[in-house]
Structure formats: structure tokens, C-alpha cells
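Enquirer: Based on the hints, put chains V and L in the right spot on chain P.
Protein chains in written order, with the working numbering: chain P, 141 to 458; chain V, 141 to 458; chain L, 141 to 458.
Just to be clear, a hint being listed does not mean it is correct.
Here are the computed lysine-lysine pairs in the DSS-like style, where the Cα-Cα straight-line distance is at most 27 Å [what the hints assert, rightly or not]:
(1) V:K303 x V:K403
(2) V:K367 x V:K403
(3) L:K367 x L:K353
(4) P:K403 x P:K303
(5) V:K367 x V:K353
(6) P:K303 x P:K367
(7) V:K185 x P:K186
(8) P:K185 x V:K185
(9) P:K367 x P:K403
(10) P:K185 x L:K185
(11) L:K303 x L:K403
(12) P:K408 x P:K303
(13) P:K186 x L:K303
(14) V:K186 x P:K186
(15) L:K186 x V:K186
(16) L:K403 x L:K367
(17) L:K303 x L:K408
(18) V:K186 x L:K303
(19) V:K408 x V:K367
(20) L:K408 x L:K367
(21) P:K186 x L:K367
(22) P:K367 x P:K353
(23) L:K186 x P:K185
(24) V:K367 x V:K303
(25) L:K303 x L:K367
(26) P:K408 x P:K367
(27) V:K186 x P:K185
(28) V:K408 x V:K303
(29) L:K185 x V:K185
(30) L:K186 x V:K185
No lab work stands behind these hints, which were simulated from the structure alone.
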Amino acid sequence: MYNPQLNSNGELTHLLSIEGLPRDVIVHILDTAASFMEVSAREVKKVPLLRGKSVFNLFFENSTRTRTTFEIAAKRLSADVINLDIGRSSTAKGETLLDTIDNLCAMHANLFVVRHASSGAPYLIAEHLTRVNRDIHVVNAGDGRHAHPTQGLLDMYTIRHYKQDFSNLRVAIVGDILHSRVARSDIHALTTLGVPEVRAIGPQTLLPGHLDKLGVHVYHDMAQGLKDCDVVIMLRLQNERMTGALLPSAGEYFRHFGLTPEKLALAKPDAIVLHPGPMNRGVEIHSAVADGPHAVILPQVTFGIAVRMAVMSIVAGN
Amino acid sequence: MYNPQLNSNGELTHLLSIEGLPRDVIVHILDTAASFMEVSAREVKKVPLLRGKSVFNLFFENSTRTRTTFEIAAKRLSADVINLDIGRSSTAKGETLLDTIDNLCAMHANLFVVRHASSGAPYLIAEHLTRVNRDIHVVNAGDGRHAHPTQGLLDMYTIRHYKQDFSNLRVAIVGDILHSRVARSDIHALTTLGVPEVRAIGPQTLLPGHLDKLGVHVYHDMAQGLKDCDVVIMLRLQNERMTGALLPSAGEYFRHFGLTPEKLALAKPDAIVLHPGPMNRGVEIHSAVADGPHAVILPQVTFGIAVRMAVMSIVAGN
Amino acid sequence: MYNPQLNSNGELTHLLSIEGLPRDVIVHILDTAASFMEVSAREVKKVPLLRGKSVFNLFFENSTRTRTTFEIAAKRLSADVINLDIGRSSTAKGETLLDTIDNLCAMHANLFVVRHASSGAPYLIAEHLTRVNRDIHVVNAGDGRHAHPTQGLLDMYTIRHYKQDFSNLRVAIVGDILHSRVARSDIHALTTLGVPEVRAIGPQTLLPGHLDKLGVHVYHDMAQGLKDCDVVIMLRLQNERMTGALLPSAGEYFRHFGLTPEKLALAKPDAIVLHPGPMNRGVEIHSAVADGPHAVILPQVTFGIAVRMAVMSIVAGN
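So that you can see chain P by itself, here it is in the shape it has in the complex (with noise of 0.2 Å):
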């Protein structure tokens, strides 16, 4: 099948998307990125990788967090960052997407960071730019439900470092998988990396029909559904839910899926969690829990930022 991420001798080009990512495409990602993990430790933080090198970041849905990631990990790849306010910008002058694009690579960029509430977006802008311009690289920041794939690479990258080996784990997911990017990319990654046991815990709401599918087991009891598991994987509920048809309210929803010290005694003595922030406690997660020995919650932090630096400079590098 055609993947646009690859080029035709197999490499990463661009990143769009977990799903059709070959294991050994990963792996080289979370290994690229352990390499980096020292230079965010050091004095002076850099490295030339992308030195000279112009960087667009078009967030056409506002999030300072991910683009921040994104800002500093390209700086500390001594790459020049523009940041695009896209909202205000051509597009709301009536400009295609695609004309934006164009003229954006006239000006001789390297790397797009792209976020789109539209799923497909950077995909729509990679295969444009594989007509076009085959040295200018796309790596999708968020797309609307479909993909999130630096989060995803993240969350491998702090699994692997806590559990070493992902050939043995029981891994969960909990919460609104329905509407999130976070989960499908977490797992496509889960299972192309041969995690044996995937679990998806919600209401029946928040759940897509077709996980069975996926090899996904589902549960709506957490008590089941973090029996045994060695990693559990929270996921924000939007606040936007909170107040829909989707819900009886936070409260309830805490009750019967927020994780509380009690519900975690559940899984593993030697769990970890993980959330992709920002958290809502009270809301999906207890305090005692985001701030107990089991969550891994800030470290995800610091290790996507060497996950970005590893995407970027294996698309773009020099």
C-alpha cells in the first residue's frame, strides 16, 4: 500500500500518521531520541542538526503547549523558527490551503509542523508536496480525532524506558477514546511494537464501535479493566463533553472512571501512568494519583521533547 510517509527506500519523509509506520521506522525514532535526551540536560543545548534550516510552525488550531514542544525542539536543533498565527493570516483572506502551502515553500522551507482540526490536513499538504517539492517535510502536530503522532511516539518512548521490553505488557487506555487522537495513535504504536494485551476503558459513549478490530479489549468497569495492568494510559476529557449529551456529569464521570489511588491498587504494583496533559483533576484523575510515585506524567514531558527533536532531524537533518 502507498504510504506518503516513506520515501521509496523506506525512510521516514514525513510523519503523519502511527498507523502504516513499519516496527523498524519506530524503533530507529525512540533510539534517535534516547540520543537526544542528553543534550536537553547539558549547559548549553544545542546541537547544529538543523542549523540554517527554517521551520514553519501553522498551528490552524490554536495549542501553545504542543507548539511550545515543538518551538523548543526545534531551537535546540539550532533550526530557525517561524511561528504562523494561521488563524489571522492569508487563509482568512480567502487563500487555499494549498496556496498557503505554495507559497510558504517558495520561501524555501524545510519542515511544516502542522496542526489542523481537519483530520487529513497534513496528509492533504504531504502528498501536495510530493507533486511539488520533495526536499520540504510534513510532521502532523494533531489532526483533528485521527492522528497524533509525536504524543503517540512519546508515550513509546516512556513505556519502553520504564518497562524496557513491550512484548509482555497489559496496557490500558482509559477514558474518551472516541473522540481522540492520542488513543489511536497510542494504539497502532502499541501494537505494531507486539504489546500482547491492549485495553480501552470508558462508557459505552466514549468508545468507538471498531476496536475489537484493532485487537483491542474493551471494558466499561475499571475494576476490570485495570486488573493486572502494567501501564495505564489516562486521557483528558475535553470540557466540552463534560456538559453534552455524551455525559451524565464530571462528577459521575469521576466516580466511575477518574483514577483514584484505590482503582490503580488495582493494576500492577509497579504500574506507571500516564497522561498527555493538560490534566483535569478531579475530573479524569485524582490528585493523590498525578502526583503518587506511579505516574510518569512529567517525564513524558521531557522525553517528547527528544521524540521531537528525533522526528525532526531524521525528516530534515542534514
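Expert: Positioned in the frame of chain P, the structure of chains V and L alone reads:
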């Protein structure tokens, strides 16, 4: 006549308008831009000409696209770039424009890139600087309906690139010339560089009254105006015009003044088509022309980076 | 008394407030700033003291001018600067302030420049960092009505530059002292540096009640208050005060407390006039004073860059 753009040696110290620029100054900018064309094509797209200099983007009127081109150009010259979201800043607090400028001068600014909705604002700043600090420079990035000199210069670069010589050209400018600072800058540049025949094509309501005094031939009919032209410069139709009293409708405008392949066939077979962007496809230009072999719209963008690097390095370089 | 600004060796590790800073720490900052004055006057205005460090501008309250001065200072120290438009970011998504800070720490931040509408926010952050990461530093860029220490320090730098010695000065602070963090910072700095006579001048409604406990002499009459002063520090009258219940009108205010050449003539012949900007000409200060020979308002801005470079390099330098 006093010209605040030139110092007492006749060298460019501010770029405010193409009107009043001697031919040799324009040619020097174009020649310098040519020398920068290879920088943007390098692996490491940087030269140290503005290293350690502070370039302030003062966009009193928002324009993400133009701001981006200046930011890239400044960063490729190794300058420190500070973007001021000036709409939300001190001016909103009742400070005068010149107090804001004096403050930024006191921070040891080197170069102001100024975009302003009021015609003449960059002149006001430049004249003030002439009195208080002759080491700080202004580049006009568009002021009201008055001038957009870097756009005019990149249009000249584009024409010279494709046609080599200005002395035997027939150039048509099409559209809303009345409200266009691009058109004004282009007309002055074309005349100064010796183009023998400059034409303006548009509806009566969108053409200014004094064009003949500038040596421009006026046409209200595309078939007559485009006949045997070497260069066609299309202007963007501002959205606010389309619904105003000046025009019947966008569709009607396109029927009479939109550039279609059929109309373009009346120009010379090797005619080139320019557009300052962002394009309104189906309003002032047909997609078959925008994407066709005569269009040089994306090369304009590439040349624009080199032209802005040239202007900034000439006025503020070490 | 515990002072989170100083480490166990008495060295500056955060700058939160001038209150509680020992005299020798203040003098060390001013001396360091003096050494940076020549950097901003160079052709290449950069030193590598923060090279590869990550400085985050966390402006919970918008202030383009103050943010710009810190951004320039950090870039001249060769830091990587990341501006967080924090109003639109994670805090808006319900994340707590300290979760936001923890996340940025996990990205290996080195320095937070914090502006916040709530008094004490930078203290809260600094105390948190003291627990979680002692290698990350905070500089208060203005918190509520509480403190604006870099403004206070640059005012001291300015006074020392023109008057050399603090021990024989009479200094008047004029205007809305009640709501002014600048006034509070100045009063603590002047007292610590040994100024024998500090005066506060303003209407009853705009002066706090405890000034005498700080050793400040209170005046409600400009003629009496300005008499024989060496230094006059004017405060900005916030727009919201002009229409509020605290003042009759801007015109009335100017008549009583606006600094005119006539009133200034009552001070010493070599008196200097400071203002933190942006000025309201014709409200708190007459243009003839603002632009006259006694004003040192623009030098304040220049010294402010050097002072901010000094503070940042002292707390976070290699």
C-alpha cells in the same frame, strides 16, 4: 528635492517608496538580491551580515504573510528579530507613535520594518529618526494606499529575471489600481527602469484619475489592454470591494477583468503573469492561468525573500 | 527571615521583589548592568552568557513593552526565547498554574520571566521551584500592585548614573502610588540604598496609608513636595483611574499633579525626571518636561536592557 530615503552620499538609508529612488539605487538593490538567491538554496541558509543586530517588525496593520517574509529574510541575515503585536501594545495605552519609536530606539534597535494602515507613517518615523538617530533605519512594508516598495522591487526582480531588459517591454497592470499600493510602487519602478509602455486596465470606478500624468495608458477593456503585452501584473481584488458600491459583483468582475487563458492568449506568447498574493481564484484570476506555464507567482515569492535580504543588508548591514 | 530570592550562600537565585534584597545584592546587579552597557552599543550586540539556555516569557497579563525588553535582553545574552501567549493556553483549559510550571520545567526551562495580574504569583512559582528544581529561576516582570523589581532597579541605575551617590539625595515620587508596583519597588530600593529623604506626592485618594512606616514623607501639594528635590519619579496614571471615583478628571489631575516646567522649577536646578512609560502627555507630565533637558526617560529604557541582562545572567548564567 529632499529625499529622506537617501543619505548625503546618495546611499539608501531607509526604504520608504520607489517614488524618488534613482535608477542606480534600484538596480543596486536588484543586483544585491541576485547575490542572495543562492543563500536560500543552501543547506545552511544563513549569512552573518546582520548578526547581533535587532530588527523590529512593527506591524500596526496585521499581515502574517508579509511579516513572515521579512522575519525569514532577517533571520537568514542572522539578525535578532522581535515581532511587536503593536495593536495590543503601548499605542493602545495612549502613547504616541513617536514615543513608541523613541522607546524602541533607546533599546538600541537597528531596523524597523513598518506596516501601517495610514499612508505616510513610515515617512513620519524616518524623518523623526533623521533628527534623533541616524543609525536606525526604516523599511516600509506597506502604508495605506501609498506604497509597498519591497513588493514593487520584487516585481522588478521577477520581470528582469524573465525578460532581462526593461527597455523594450509592454507591461499591463490589471484590476483595482485605485486602492493598490502595489500598483503605485510598480508604476514608479517600471517608469524609472525605462519601460516604454505601461498600461492600466480596470473598470472606471477602480482607476485613479491622474494615471496619464504618470505616463500610463488607460484601458477599460481587457482585449485591448492585454494585446501584445510582455508582462501582466494582476492585482488582488480586496473582499470589501466585491460587496461595495464600486463593483456590481465578483462574478461580473471576473467576466470582464478576470484573467482567463482566452484573454491571456491576446498577450505575447511568452508573456509572464505576476500576482502579489494572496490570490482570489475565480475572481481576478482563473486557476488555469494561476497554475499555468505563464504564471511566475511562486518565483515572485522566492525572489521576494532575496529582495528583502538585499534591502535590509544595504540599509543596516555591517 | 526566609527569603526565597537568595540561596543558602546569600546569592540571588530569583528576583521577586526589591523588598528584602540586601544592599550588596542590589549594588552587584547595578555594577553588572554597567558592564553590559557597552554590549548594546556594539556592532554585534551579543554575549554568549545564556547560550543554549531556554528563557520562557510567561505573560499572564499582556505587556508588549515589558516583554520586548526582556526578549531583547535574553537574545543579547544568546538565550533561546520562547514567548507563551498564556492567556490562550493551558490555563484556559483548566490546568493549574503549578501544573503549567511543572510542564515547562520538564521541558528543561532555565528561566521564567513572569508577569501576572495577581500579587504574589511569581513568589508562588519560586517557592514551588525551590521544592522541585533548584536550577530553574524566576524573574518577576510585574505582579499585581505588589512589585516590579527590574523597573525599580533600572530607576536606581538611572539615579546612580546621573547622581553617583545616593547618600545625599532628596527623591520625590509623584502620582498614583496606591496602585503602583513601580512606586513600591522604588521606595524599597531607595531606602535600602541609603537615600535620606523619600517623598510621596499625590492626592489623598491615590496614596496608601502606611507610607510613614516606610520612612516616606507624604505631600498633597506639588509646590511643597518638589521643593529642592534632586530626583522626581513620575508615575503613569492608569486610564481606568481617570474616569473612576478616585479622581475628578484628567484635566483636574493635570492642574494639580501634572509636572509642568513651572512646578519642576521648584526642584533643584540639576534635578532629573524619571517616568516608567508609557507616558500620558498632558495628564501626568507636560510635553515640555517630557522632552526637556531634565528628563532621563529614554536613558531609563536603555539602562533597563542592561539591568535585565544583568539580572538574567546573575540568576541563570553559566
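Enquirer: Kindly indicate which numbered hints from before are broken by the structure, ordering the numbers from low to high.
Expert: Numbers 13, 18 and 21, in rising order.
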